[in-house]
Amino acid sequence: MSSELDTAPEKYEEQHVHEVYEQIASHFSSTRYKPWPIVEAFLQSVSPGSIGIDVGCGNGKYLTVNRDVFIVGSDRSSNLVKIASQHQPHTAVVADTLSLPHRAGRFDFAISIAVIHHLSTPERRREAIKAILECLKDDGKALIYVWALEQKNSRRGWDEGHEQDVMVPWVMKSGKKNPNEDGSTEKTFQRYYHLYRSGELADDIVAIGGEMIEFGYEKDNWWAVCRRSTKSREG
Amino acid sequence: MKVLTLNFLTCAVKACKTTSTSFPLHPKDCELVSDTIAPNPQLLLNVLPRIDWNALIITAGELGFPTLPPTPPTREELESNEKMMTELHTLLLETQISEGSLVCGNCGHEYKIKEGIANFLLPNHLV
Chain A
43 MSSELDTAPE KYEEQHVHEV YEQIASHFSS TRYKPWPIVE AFLQSVSPGS
93 IGIDVGCGNG KYLTVNRDVF IVGSDRSSNL VKIASQHQPH TAVVADTLSL
143 PHRAGRFDFA ISIAVIHHLS TPERRREAIK AILECLKDDG KALIYVWALE
193 QKNSRRGWDE GHEQDVMVPW VMKSGKKNPN EDGSTEKTFQ RYYHLYRSGE
243 LADDIVAIGG EMIEFGYEKD NWWAVCRRST KSREG
Chain B
223 MKVLTLNFLT CAVKACKTTS TSFPLHPKDC ELVSDTIAPN PQLLLNVLPR
273 IDWNALIITA GELGFPTLPP TPPTREELES NEKMMTELHT LLLETQISEG
323 SLVCGNCGHE YKIKEGIANF LLPNHLV
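Line by line, the protein sequences give chains A and B. With our numbering, letter number 30 in the first sequence gets 72, and the count goes up by one each step, no holes. With our numbering, letter number 45 in the second sequence gets 267, and the count goes up by one each step, no holes.
Some hints could be false.
Unchecked claim - Residues from chain A shown here face chain B by an in silico Cβ test under 8 angstroms; the list is partial:
id, residue
1, 123
2, 127
3, 133
4, 138
5, 225
Simulated from the structure, these hints should not be mistaken for lab results. All C-beta atoms in this analysis are idealised placements derived from N, C-alpha and C, irrespective of residue type, glycine included.
Whole structure, please, built from the sequences with the hints as guidance.
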């Protein structure tokens, strides 16, 4: 992994994350329709009229959970944004998590679900969290979800001590009309993930001056609710 | 790209984000379409205090909408004025920029909008 990462991280992510999602967008989207309970509860907890951001919104499955709020979603994959933008009355734009066009200090809440683990260096993962928190108002809250290293009962079976930077296959049926050279009809794409170990997400949040409100583990993921720190909120 | 969205977005270039001239982005050569969206008066009433009204005046003017009042209506005024409610619903949520671009008033960079979707990915030299 480290030798591959000698290439610029943004190039690496383009090849091993962005291009993959662009190609699997439609199939990926068809498998992503059920909101995760903690994300749903967070979205339902915000006050009516709240303005939110969904950074890495994918197919936009969280945009419509709470019909009393307005969300500006963003994603790197224009194919996924096309799907997400069908969720009225919300908006989805194509944007990079590290260069968000969302205006600083204007948003009541933020979610970023299963996104930051696709960034390939610690610096870039922290920068992403910082960028998300900067969008928030003084009393705004963000919910961040990342894949956990500790998931020994999952299909993947990783656990403490395993390499944290991994390639994860996405198998897509290519259809009998477009078989591979060997006649098979499945195509496998490899996506890059950084698996978060226990405590790492909180460390990243605190390192960029954020404040932890709540955190936990749910179904192979670490999650955290956080906000801008008192100091940055006063400044 | 909805007019309401424009009230919350700015230039993606880091050096521009903190400047006042980068907000709001300026629509250029824009085609507008109007979607039919079920009115949600409660949403509009609750979103109202979160709108940057001065920026909305600029955006509405640049898109050729009738001039908005210089100050936002109060919640009570909007609640009791069905016409204003409908007009704001149309302007903020139903009006879409389908094609065109958004220009930063600070660096001049143009963000393209195609089929209603704005693209804020930056060329390498602006990242």
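Status of each hint after checking the structure:
no., hint, in the structure
1, 123, "6 angstroms, holds"
2, 127, "6 angstroms, holds"
3, 133, "4 angstroms, holds"
4, 138, "6 angstroms, holds"
5, 225, "37 angstroms, violated"
The structure fails hint 5 only (numbered hints given earlier).
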